[in-house]
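J.: These are the residues of each chain, in order.
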Amino acid sequence: MRNASLKPLGKSFTEGVRMAVKIVMPRLSLTMKTGSVVRWYKREGEEVRKGEPIVEVLTEKVTYDIEAPEPGILRKIYAKEGDEVPVNGLLAVITKPDEPLPEIEVEMEKPKVEIKERIPASPAAKRLAREYGMDLSQIAGTGPGGRIVEADVRRYIEEKLEYKPKIREVIPLTGVRKISAERVAKSAREAPHCTLCMEVDMTEASKFKESLGVSFTDIIVKAVAYALKEHRIMNSTLEGNKIKVFDEINIGVATATPQGLVVPVVKNADKKSLPELSAEIKALVKKAREGKLEHSDVSGGTFTVTNLGMYGVEVFTPIINPPEAAILGVGKIIQKPVVEENQVKIKPMMTFSLSFDHRIVDGAPAAQFLAKIKEILENPSILKD
Amino acid sequence: MREISYRDALREALREEMQRDPTVFLLGEDIGRYWGGAFKVTKGLAEEFGDERVRDTPISESAIVGAAVGAAITGMRPVAEIMFGDLTTLAMDQIVNQAAKIRYMFGGQAKAPLVIRTPFGGGVNIAAHHSQCLEAWFMHVPGLQVVVPSTPYDAKGLLKTAIRNDNPVIFCEHKLLYPITGPVPDEEYTLPFGVADIKREGNDVTIVATLYMVHKALKAAEELEKDGISVEIVDPRTLVPLDKETIINSVKKTGRVVIVTEDCKTAGVSAEIAAVIAEKALDYLDAPIKRVANPDVPIPFSPPLESFVIPDEKRIIEAVREVVY
Amino acid sequence: MIPSKEKLLEMYRKMLEIRQFEEKVYELYGQNLVPGTIHLYAGQEAVAVGICANLRRGDYIVSTHRGHGHCIAKGADLKRVMAEILGKKTGYCKGKGGSMHIADFSVGILGATGVVGAGIPIAVGTGLSIKLRGTDQVVACFFGDGASNQGTFHEGINMAAIWKLPVLFVCENNLYAMGTRQSRVMLIEKISERAAAYGIPGVTVDGNDVLAVYEAAREAVERAKRGEGPTLIECKTYRHKGHSRMDPATYRPKGEIEYWLKKDPIPRFKSKLLEMGILTEEEAKWIEGEVSRGIEEAVKFALESPYPEPEEALKEVYV
Numbered sequence: 001m002r003n004a005s006l007k008p009l010g011k012s013f014t015e016g017v018r019m020a021v022k023i024v025m026p027r028l029s030l031t032m033k034t035g036s037v038v039r040w041y042k043r044e045g046e047e048v049r050k051g052e053p054i055v056e057v058l059t060e061k062v063t064y065d066i067e068a069p070e071p072g073i074l075r076k077i078y079a080k081e082g083d084e085v086p087v088n089g090l091l092a093v094i095t096k097p098d099e100p101l102p103e104i105e106v107e108m109e110k111p112k113v114e115i116k117e118r119i120p121a122s123p124a125a126k127r128l129a130r131e132y133g134m135d136l137s138q139i140a141g142t143g144p145g146g147r148i149v150e151a152d153v154r155r156y157i158e159e160k161l162e163y164k165p166k167i168r169e170v171i172p173l174t175g176v177r178k179i180s181a182e183r184v185a186k187s188a189r190e191a192p193h194c195t196l197c198m199e200v201d202m203t204e205a206s207k208f209k210e211s212l213g214v215s216f217t218d219i220i221v222k223a224v225a226y227a228l229k230e231h232r233i234m235n236s237t238l239e240g241n242k243i244k245v246f247d248e249i250n251i252g253v254a255t256a257t258p259q260g261l262v263v264p265v266v267k268n269a270d271k272k273s274l275p276e277l278s279a280e281i282k283a284l285v286k287k288a289r290e291g292k293l294e295h296s297d298v299s300g301g302t303f304t305v306t307n308l309g310m311y312g313v314e315v316f317t318p319i320i321n322p323p324e325a326a327i328l329g330v331g332k333i334i335q336k337p338v339v340e341e342n343q344v345k346i347k348p349m350m351t352f353s354l355s356f357d358h359r360i361v362d363g364a365p366a367a368q369f370l371a372k373i374k375e376i377l378e379n380p381s382i383l384k385d
Numbered sequence: 001m002r003e004i005s006y007r008d009a010l011r012e013a014l015r016e017e018m019q020r021d022p023t024v025f026l027l028g029e030d031i032g033r034y035w036g037g038a039f040k041v042t043k044g045l046a047e048e049f050g051d052e053r054v055r056d057t058p059i060s061e062s063a064i065v066g067a068a069v070g071a072a073i074t075g076m077r078p079v080a081e082i083m084f085g086d087l088t089t090l091a092m093d094q095i096v097n098q099a100a101k102i103r104y105m106f107g108g109q110a111k112a113p114l115v116i117r118t119p120f121g122g123g124v125n126i127a128a129h130h131s132q133c134l135e136a137w138f139m140h141v142p143g144l145q146v147v148v149p150s151t152p153y154d155a156k157g158l159l160k161t162a163i164r165n166d167n168p169v170i171f172c173e174h175k176l177l178y179p180i181t182g183p184v185p186d187e188e189y190t191l192p193f194g195v196a197d198i199k200r201e202g203n204d205v206t207i208v209a210t211l212y213m214v215h216k217a218l219k220a221a222e223e224l225e226k227d228g229i230s231v232e233i234v235d236p237r238t239l240v241p242l243d244k245e246t247i248i249n250s251v252k253k254t255g256r257v258v259i260v261t262e263d264c265k266t267a268g269v270s271a272e273i274a275a276v277i278a279e280k281a282l283d284y285l286d287a288p289i290k291r292v293a294n295p296d297v298p299i300p301f302s303p304p305l306e307s308f309v310i311p312d313e314k315r316i317i318e319a320v321r322e323v324v325y
Numbered sequence: 001m002i003p004s005k006e007k008l009l010e011m012y013r014k015m016l017e018i019r020q021f022e023e024k025v026y027e028l029y030g031q032n033l034v035p036g037t038i039h040l041y042a043g044q045e046a047v048a049v050g051i052c053a054n055l056r057r058g059d060y061i062v063s064t065h066r067g068h069g070h071c072i073a074k075g076a077d078l079k080r081v082m083a084e085i086l087g088k089k090t091g092y093c094k095g096k097g098g099s100m101h102i103a104d105f106s107v108g109i110l111g112a113t114g115v116v117g118a119g120i121p122i123a124v125g126t127g128l129s130i131k132l133r134g135t136d137q138v139v140a141c142f143f144g145d146g147a148s149n150q151g152t153f154h155e156g157i158n159m160a161a162i163w164k165l166p167v168l169f170v171c172e173n174n175l176y177a178m179g180t181r182q183s184r185v186m187l188i189e190k191i192s193e194r195a196a197a198y199g200i201p202g203v204t205v206d207g208n209d210v211l212a213v214y215e216a217a218r219e220a221v222e223r224a225k226r227g228e229g230p231t232l233i234e235c236k237t238y239r240h241k242g243h244s245r246m247d248p249a250t251y252r253p254k255g256e257i258e259y260w261l262k263k264d265p266i267p268r269f270k271s272k273l274l275e276m277g278i279l280t281e282e283e284a285k286w287i288e289g290e291v292s293r294g295i296e297e298a299v300k301f302a303l304e305s306p307y308p309e310p311e312e313a314l315k316e317v318y319v
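Chain order of the listed sequences is A, B and C.
Quick note, the first sequence lines up with residues 1 to 385 if you use the numbering used here.
Quick note, the second sequence lines up with residues 1 to 325 if you use the numbering used here.
Quick note, the third sequence lines up with residues 1 to 319 if you use the numbering used here.
None of these hints come from the bench; they were simulated from the model.
Bear in mind the structure is a predicted one, so any value in this text is a computation, not a measurement.
Heads up, the beta-carbon is just placed ideally off N, CA and C, and yes, glycines get one too.
Mixed in with the good hints, there may be bad ones.
[What the hints assert, rightly or not] To give an idea of the interface, some chain B residues facing chain C are shown, with a C-beta separation under 7 Å as derived from the structure:
no., residue
1, Ala63
2, Asp93
3, Tyr104
4, Gly107
5, Gln109
6, Lys111
7, Gly123
8, Ala127
Input sequences plus hints: build the corresponding full structure.
T.: Have a look at this one:
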């Protein structure tokens with residue numbers, strides 16, 4: 001950009017000030033923006049008289065002759081014939097004969113640089129987006145000035161890319177559910193579970209039940225307590241490196257309540273008669289269902305019985321109630337054809353599923369224990385006392 | 001492990017190398033028995049090795065370095081001390097045009113195994129002519145190697161390597177580092193050039209720092225840790241050759257880098273390191289590369305002015321916060 | 001002390017070699033075979049030869065941009081010098097140095113420097129190395145009248161003086177530093193007077209009288225070997241051509257050039273040798289023929305040698 005001044009140079013200082021004269025595109029109407037140069041009447045270097053036409057311009061279909069406002073030499077022409085020049089744009093300069101050409105301010109437009117609008121994003125964010133084939137315009141940036149940073153892309157990936165089914169309801173894991181979840185997880189994690197199943201002919205037990213007016217659960221609890229007396233190892237717990245065999249036989253009866261699974265414990269089940277057991281179990285279950293169990297009711301168990309038969313389950317793999325050694329699952333009674341003395345008979349069969357902690361006991365002793373229970377249940381008269 | 005000062009570590013290196021190799025000798029102003037070196041690095045060495053091998057010179061930096069060049073190309077291993085890094089300017093032709101180019105220019109016929117030791121750095125209020133950091137100038141001259149040790153351990157190991165090395169080495173010390181102590185083994189050891197040291201491990205941001213700034217960065221990192229920002233500090237130890245790989249790998253890990261040096265920002269050491277990071281680790285940057293350096297001013301005298309110019313822990317912490325978000 | 005006949009003939013031969021070599025380089029430059037520019041030694045042969053005749057193979061010299069003469073006098077291989085000047089890979093520096101940076105470390109040529117005066121501290125260091133190693137080597141450092149104003153001249157000579165180093169500081173005063181006459185840049189007429197400032201002996205000799213140079217150098221070498229330190233030897237001489245190949249040297253008055261051409265060291269020495277009966281015309285012709293053949297071989301070798309591979313540019317920056 002040159003200096004804008006048209007100051008007189010050299011000798012003209014002493015001759016009195018007369019500026020060189022700019023000839024510019026005139027505004028010939030209110031709306032005129034540009035005009036074009038049609039014809040120069042005078043050439044560069046030619047003398048011009050005041051009032052003499054020097055150039056013809058065209059604007060909005062009107063032609064116009066621009067006249068020299070001062071006499072002098074048409075020193076330099078800045079717009080060729082055919083050029084489109086904006087209003088006030090420089091066309092020519094007239095100077096006195098010995099005046100050197102003044103410095104003309106040339107309006108130079110700064111070259112327009114097209115700067116594409118870009119989404120500001122850090123290189124790391126861009127790389128991640130590229131790897132996942134993602135469009136950055138979808139992502140909100142949390143960096144300075146709204147810059148998309150790597151964390152933003154990551155969050156987007158986690159939220160949007162992995163398909164997650166819609167959530168209907170969120171239930172926080174609290175209370176009984178939470179405790180139950182923790183215990184069951186711990187049990188499954190720490191005790192290697194093995195489950196043995198046996199079908200038991202409940203014919204005699206059914207008769208027994210009718211005669212005494214007790215429930216199957218009562219009978220089973222009593223049978224288990226009895227069997228545990230002969231198979232003490234099934235009534236133990238593993239603490240560190242020691243298997244501690246319990247002296248008491250306290251049997252928990254898994255009970256479903258609206259709050260979740262609770263296991264009230266019948267203490268010293270082996271020492272109680274069937275009617276006593278039955279009454280106690282009834283009371284505990286009632287308390288359980290009413291949510292009135294106390295801590296002492298649910299602690300101190302050494303073995304657990306869990307019955308899903310009423311729901312139609314035949315066989316299942318119960319999870320041991322820690323820190324016990326085993327748990328007996330009770331299934332539904334099904335009338336089944338069974339072979340007895342080479343004949344097919346219909347019998348009420350109940351499948352028992354015994355899960356045990358394989359750290360404490362192996363399959364054979366567990367099987368023997370289960371076989372004992374079967375034996376007792378198929379000949380329940382010993383439970384009378 | 002015993003702890004000795006940076007100054008003592010340098011002296012040990014000189015002593016061990018002079019004992020090991022009779023072609024190693026020292027020259028410089030006031031390094032001999034009368035003063036023991038302006039910063040006392042060579043104290044005691046003249047008494048041990050004699051005035052011929054620990055040689056006081058006239059005030060003639062150009063001739064000191066030139067003499068080192070001449071001795072180096074005829075079988076000796078001189079270690080020249082230039083009293084202040086600022087005064088290397090007086091020997092620039094001998095360093096840049098002679099020492100650095102002899103090997104290349106004469107087609108590999110000769111080598112110039114000399115070491116120029118000189119202290120850079122400010123913080124002691126001795127103003128514009130005695131406080132500069134000019135390592136970037138020497139980084140820019142092919143043929144020179146540039147060493148910037150920040151601890152006594154690094155200083156000793158690297159100086160021994162510099163002396164044994166067959167290239168001309170600019171060994172950049174720092175005035176404030178001379179008294180600091182650190183662990184140095186009793187046994188002899190050397191450290192290779194071109195291997196950076198991770199002075200502190202971290203995950204959130206990388207700080208690349210040299211000389212005294214390493215220590216300021218370490219302090220800053222402790223503060224930042226309290227806010228849960230985990231800082232990794234990479235100390236290049238040598239600027240030529242530069243361990244680009246360690247720097248790049250650290251930036252790839254953290255995604256953010258702050259380069260902290262004590263020279264003027266424009267075209268300083270940090271500019272080169274920033275360019276290398278931008279060239280090789282661009283896709284791993286989660287924030288712009290940040291540089292903390294002196295503003296482009298000579299070092300002023302008055303304490304509040306000097307403290308304003310030379311980066312401190314506060315500026316480093318601010319810089320880290322700007323890129324960790 | 002006059003040198004032996006063998007030595008005298010050797011000196012004559014060497015001066016001829018330098019002269020013919022430089023003339024050949026001038027010619028090749030005119031044929032556009034020499035890149036860059038050249039600074040010719042023609043006219044100054046007596047200085048290089050007179051000094052180097054006192055040096056053994058194991059002694060050192062440090063040379064300058066106008067150094068072809070020094071290097072040839074010290075025993076450089078003409079073929080490899082020529083090849084280097086032409087930028088070929090068989091040159092001393094693999095084409096990486098050129099005319100201003102000839103070096104042959106195997107015969108003690110510690111390289112020519114392109115920075116005026118920069119060789120002086122290097123020579124000081126060489127002297128220091130000799131002293132520390134305890135050998136009886138010496139080093140001769142060549143530089144011009146212009147260089148004697150450089151700081152390195154003063155720092156270097158002072159340091160060599162105080163440490164009593166075995167250095168010959170040889171100032172080739174050819175009256176001009178590029179286009180600047182000595183009298184315009186210093187008040188003293190004899191540069192050797194500057195030696196007094198450093199407490200060392202300084203002598204000015206006729207640099208176009210090879211025997212005078214020889215004698216001054218001999219004394220200086222003996223001083224150095226006796227451990228008495230450096231000497232400044234100023235050799236007044238003149239370059240026949242301009243500063244560099246581009247320089248028509250119009251700053252030199254015509255009368256002056258003629259005056260010095262009349263003092264051309266080679267015809268002078270030839271006359272002396274003929275006079276002394278050391279040389280006959282036939283012998284002289286024979287020597288000239290031998291020298292020409294050597295130059296031709298060098299040129300042929302250089303012209304036929306290949307240029308270096310471009311990748312050579314990246315090699316040998318570091319050891």
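J.: If a hint holds in the structure, say so; if it does not, say that too.
T.: Hint by hint, here is what the structure shows:
1. Hint status for Ala63 of chain B: holds, given a least beta-carbon distance of 4 Å to chain C, under 7 Å.
2. The beta carbon of Asp93 of chain B comes within 5 Å of a beta carbon in chain C, closer than 7 Å, and the hint placing it at the interface holds.
3. Hint status for Tyr104 of chain B relative to chain C: holds, with the closest Cβ pair at about 5 Å, below 7 Å.
4. At a threshold of 7 Å, the smallest CB-CB gap from Gly107 of chain B to chain C is about 3 Å, leaving the interface hint in force.
5. Because the smallest distance between the Cβ of Gln109 of chain B and any Cβ of chain C comes to about 5 Å, under 7 Å, the interface hint for this residue holds.
6. With 7 Å as the threshold, the beta carbon of Lys111 of chain B comes within range of chain C, its nearest partner Cβ sitting at about 5 Å, so the hint holds.
7. At about 31 Å, the closest approach between the beta carbon of Gly123 of chain B and any beta carbon in chain C exceeds 7 Å, and the interface hint on this residue is violated.
8. This hint is violated: Ala127 of chain B has a C-beta 24 Å from the nearest C-beta of chain C, more than the 7 Å allowed.
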